[in-house]
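Visitor: Kindly produce the complete structure, drawing on both the sequences and the hints.
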Amino acid sequence: MKRVYILFVAVALMSSCLNKTDKEKNLAEATTAPVANSAPSDSATFTSIQWLDSSKSMGTINEGTVLKVSYRFKNAGEKPLVIQNVRPGCGCTVADYPKTPIAPGGEGEITAEFDSHGKTGIQKKNIMVDANTALHSYTLWFDVTVNKAEK
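Residues in the sequence shown are numbered consecutively from 6, following this note's numbering.
Derived by calculation from the structure, the hints in this document are not laboratory data.
Each residue gets a CB set at the ideal place from its N, CA and C atoms; glycine is no exception.
There could be a bad hint or two in this list.
[Claimed, not checked] Below 20 Å or equal to it, Euclidean Cα-Cα: the simulated EDC-like pairs (lysine to aspartate or glutamate) are:
id, residue 1, residue 2
1, Lys61, Asp101
2, Lys153, Glu68
3, Lys130, Glu155
4, Lys73, Asp58
5, Lys130, Glu83
6, Lys73, Asp148
7, Lys124, Asp58
8, Lys104, Glu118
9, Lys129, Asp148
10, Lys79, Asp120
11, Lys73, Asp101
12, Lys61, Glu118
13, Lys61, Glu155
14, Lys153, Asp101
15, Lys130, Asp148
16, Lys73, Asp120
17, Lys61, Asp120
18, Lys156, Asp101
[As the list claims (entries may be wrong)] Computed spacing ranges between beta-carbons, pair by pair:
id, residue 1, residue 2, range
19, Glu155, Gln55, 37 to 45 Å
20, Ala139, Thr105, 17 to 25 Å
21, Lys156, Val71, 31 to 39 Å
22, Ala49, Met133, 22 to 30 Å
23, Asn67, Gly110, 35 to 43 Å
24, Glu114, Ser62, 12 to 20 Å
25, Cys95, Lys153, 13 to 21 Å
Guide: Laid out in structure tokens, this is it:
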């Protein structure tokens, strides 16, 4: 009887490790699912991007402030530069980017807004940028120190 009980407990423990909540299943699917890539795979359309500033230290702000950050870039190639997508690394940051191609030699700007509500201390945030370049994906960074709001 003792062996049956031990076997039952072992099977129950093993099966409980296999049960995932809906949230865990969705997270697993989101992190393993292939991402649709809108980047042209034809290298004939590739150009070159030159970041005039890709990492910024924004100093100190007070909690609750919405911080605006901008990143300038130049099309250093011979074909039109297309910014295909911009993805902030967290929900506290939103970004905007040029939706029309940047001509060779032309410049553009990506802007981001960081909402510091509920954030304190040193904050390091990133923004992923996809473009029609050989590297395809770039990471922009900024850091800021957020002072706790006085109540």
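Visitor: Please flag the earlier hints that this structure goes against, numbers listed from lowest up.
Guide: 3, 5, 7, 10, 13, 14, 18, 21
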